[in-house]
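Enquirer: Listed below are the residues making up each chain.
There are 2 protein chains.
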Amino acid sequence: MANIPAPVKDIQFIADEVLDLAAHYQKLGVHQDIDVETFMTIVDEASKFLHEHAGPLNRNADEQGCRHEGQSVQTPDGFVELYKAYCESGWAALDGDEAYGGQGLSYWLQLILGELNTYYCPGWSNYPGLTHGARELIEHFATDELKAKFLPGLTSGEWAGTMCLTEPHCGTDLGLVNTAAKPNDDGTYNVTGTKIFITSGEHDLTDNIVHLVLARLPDAPKGTKGISLFLIPKMLLNEQNEPAERNTLGAASIEHKMGLNGSATCVMNFDEAKGYLIGNANEGLKIMFTMMNGARLNTGIQGLSATQASYENALVYAKERLQMRSATGPKLPEKPADPIIVHPDVRRMLLTQKAFAEGNRALAYFAGQQIEIIKHSQDQNEVARADRLLAFLTPIIKAFLTEVAMEATNYGVQIFGGHGYIREHGQEQWHRDAKIFTLYEGTTGIQALDLTGRKMLMMQKGQIGEMADIIQNFINETPTPHNDALQSYLDMWQETTSFITQQAMKNPDEVGAASVDYLMMSGYVILAYFWAQLHNSAENNKGQLGADFYNGKKKTAAFYFAKILPRCHALKATIMTGADPLMDMAESEF
Amino acid sequence: MANIPAPVKDIQFIADEVLDLAAHYQKLGVHQDIDVETFMTIVDEASKFLHEHAGPLNRNADEQGCRHEGQSVQTPDGFVELYKAYCESGWAALDGDEAYGGQGLSYWLQLILGELNTYYCPGWSNYPGLTHGARELIEHFATDELKAKFLPGLTSGEWAGTMCLTEPHCGTDLGLVNTAAKPNDDGTYNVTGTKIFITSGEHDLTDNIVHLVLARLPDAPKGTKGISLFLIPKMLLNEQNEPAERNTLGAASIEHKMGLNGSATCVMNFDEAKGYLIGNANEGLKIMFTMMNGARLNTGIQGLSATQASYENALVYAKERLQMRSATGPKLPEKPADPIIVHPDVRRMLLTQKAFAEGNRALAYFAGQQIEIIKHSQDQNEVARADRLLAFLTPIIKAFLTEVAMEATNYGVQIFGGHGYIREHGQEQWHRDAKIFTLYEGTTGIQALDLTGRKMLMMQKGQIGEMADIIQNFINETPTPHNDALQSYLDMWQETTSFITQQAMKNPDEVGAASVDYLMMSGYVILAYFWAQLHNSAENNKGQLGADFYNGKKKTAAFYFAKILPRCHALKATIMTGADPLMDMAESEF
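Chains as they are written, first to last, in the UniProt record's numbering: chain A, 1 to 590; chain B, 1 to 590.
FYI, nobody ran anything at the bench for these hints, they're computed from the structure. Computed from a prediction, not measured in an experiment: that's the story for all the values here. Glycine residues also receive a C-beta, built at the ideal position from the N, C-alpha and C atoms. Any given hint could be a false lead.
To spell it out: a stretch of chain B is covered by chain A in this simulated footprint if at least three of its residues, at any positions, have a beta carbon under 8 Å from a beta carbon of chain A; those stretches are [as the list claims (entries may be wrong)]: (1) 235-243; (2) 291-301; (3) 482-490.
Label pairs and their computed distance ranges (CB to CB) [as the list claims (entries may be wrong)]: (4) Asp77(B) x Asp204(A): 25 to 35 Å; (5) Lys225(A) x Ala2(B): 31 to 41 Å; (6) Asp491(A) x Met492(B): 14 to 24 Å; (7) Lys331(A) x Asp469(B): 38 to 48 Å; (8) Asp584(A) x Pro5(B): 20 to 30 Å; (9) Asp77(B) x Ser488(A): 58 to 68 Å; (10) Val8(B) x Asp580(A): 25 to 35 Å; (11) Met492(B) x Thr38(A): 47 to 57 Å; (12) Pro336(B) x Leu146(A): 29 to 39 Å; (13) Ser588(B) x Ala99(A): 43 to 53 Å; (14) Ser488(A) x Gly543(B): 24 to 34 Å; (15) Ser488(A) x Glu587(B): 55 to 65 Å.
Work out the full structure: start from the sequences and follow the hints.
Expert: Below is the structure:
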């Protein structure tokens, strides 16, 4: 299996030439000590570190997986050493709060670090990823006392974190959570219940694991408004804040999965485990969902990384594998056959992967910029706008980037032919690993309901209007050969939006019926906008990345408009047929 | 993992009510001793046998896989007993030549048996499947002497068969085969070379394995016209035609794959292995390709079986799993939540699976009827027509049924949410197993080139014309509510066909550029025709399968026309942009 260096030039192109990170930070008045060169040096170092330490573990992590014995979980060979080196090199603390030992670098760099973690070894990526998420939540919502106890360990990476939401009978429907928390006299709580699908719930990488657990207080209202959030450490701390006593919780088992085998997915039992309330009672879900935008953006980026890695492997193969002659005559007459990259259908698959990976990177980083605006901007209007944009884009990024990753990684197998089905080439692993991205952190269906139900209908003008305005302004101000097409698909998107909002007034099922098709259409149109941007940036390039690089971007933009964007015609046509074809069927008629 | 009985009622509906098997056999003047009731009794018995003996092995077959030691391969637990029972019950001999111990039943029943084998246990299905293919080839092309030696064992199933085509450097491009055959003085040949991806190349189910091997004679012309076909048994026979002496060939290793782990995929070394020429020298590829229609139809049906099985599992889950409330108010107010089948998007996924499985069954059986017409009809015009239709439909069936199986089995995972990713539920296995169907027996890209290149362009009027005429006649003669839509998509298909054939004259790459999109469009339009037929048969039903059953068919037809068929709009739009967006990119610009 190949361990191909990540496309750092592509990261640079988007961050510097398309989204102008220097101007972005200058406007926000933060991170100005980090110029483009320094930013890219950090990215480059991260990529080199992971290429050396994480990439070589990827195949074995899948093959060996995690092993559960008693209450302990052993990660695949090399993960312990990788994690140690990762923390010692300071990668765990990259954007951590300096007050607790963090380096205070930008969120954007952290996003890219997550992208690279998944690119080199997806099974590994969730250990730092979940720890980062838990740390952020505690930074935002915990008391100073809890912060002082837990943030130093989580920031350095010495301790790890998890999110414990799902129970056997409830995944999507968290209102049904019945893990129970009993208050103790000392202000702590005893928590009892079973949580499933807990990523990194137990492992051998750290001395302590900090669980963020949704549970219900004795007097809590039913449903989603009666759920509170608890911090429950695996090891209780002594007065020096050192792990001292084992808490009454543990991994009952680990799941055997389709992929992502290096990532331990645990069934966690909490048996009167001692914990601390975070935030107000009964507001646990609200807090958890505040963190959701970031978590979902990261999951979308995992899809992007899988797409990119599958593409890089496939591209090498397509240039090397000799099979059949070009339809227009031999290209390498001295060889027994031409490389398969001469065949139009192989190119169609490669370009689909490329268009998704590179366009989606721009979309994901743009969303990352919105998070930084929300964090740092002093301008309240700008913050409110970024907040709306992010709320609108998040479900699209989570679902669209991961759904197209399934298509792209499937092509990654297909380009290899029968060899793609063999494990050692690693292509089938990308497809298996990628599948979880469409499921965890809210399935595609849930994202689509979030978009069409909660977001589009509740805050319509302020939401699609915002993104549509950005696209319209681009069309008006920036001439590209793709503007006419972009305009017509923008119009189609807006018509379709109006259609759904009107239908929804007559029948609430119309929203769900249109939801996934509408989300995908939104993704394709937004991606078209970014490809028009990429074209424009390549046309007016800084020259630093080479002529082939920029020409490749312009031609990929042309490919996207010709071969991918027209999918919207089908999506519009199916949406227009409404909910009846789905809802007419009686259960007994299936 | 569920072991749900196969939908025998659906098989009956297509075979009896849609495709009228009684009339079909009456017209052909064969198999008239088998009326519909007997036909369905055989199907029912096959399903019961496999439900009892094969279904329970499916999960473990994936988990345990095959094991290679020395030169021997052990199949998963239970396969030896299953195979013995399968042969003893006469299933192996179902459509075999009575002269060699076969039962002489119809090819159609054999197709359905293959469908059921894959439905209950895909990893098992290739052992009888490959044996059947090898037996058929020998029936058609071998000398009487070879038939007498090898057909009795292959017909009873006492011996197994394989097809050995692929070599490390050539899969698609069989002109590059360099396995060498040297003639011996006694009329036999010594064959030397390495073959890869050999399904059932070695296993513990039978005393002998008969390999059909492509190799090159010393004086053979280069390329595809210099390839001959050899029968090479694992065990050489003594004068009583009993396996007596080990031939010099063996499995060097087995592949570790994405799925289909119960099926042994072997690297086979032939080291001066003794073999017999089948057919004329240098005509091996022609013979092999004569068998290809059947093999590709069977692979398409494997896709259909995966789709069906994933649907059956998902349907049970969707009716049982309680999560969230219906958008139109609680459906089971006494329960904590509604079953997820109330949600429109879950229905969209279920109905997509259902529409593909049931419509594709009609298409596959229709192709099976053409094979029977070619076999049995006395009317040479009818045979020629069936031959053309089959040649046209085969690549569509192979590629379309397997590509939509990837979509359908992906939905099968998605409907289960996170639980779909866990191995024990079996849903992710269907997706992994199904992937090989888009690869072996010629990838989707190869099927698409066969359709658009060889078949559509070389024999245009006689091919698409034939299928288009069938659809047009149906529209003219059979009123259904879907006829207007069917007509407009038929027109779209014909326009697109003309467009591609015109483009192809200017630039040969236009064919490859359009090929997969065009194949998929062809599949969607042909499937629309079959769904209109299914609607019509359900409307004018025989009443034997219940009102819910027939209503379900009519509503699934409506779903197909509303939510699936419009995909053609996108396919047409992308095809119309031609080859340039694919071919413009220089290799260095990727």
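Enquirer: I'd like to know which numbered hints this structure contradicts. Please list them from smallest to largest.
Expert: 1, 2, 3, 14, 15
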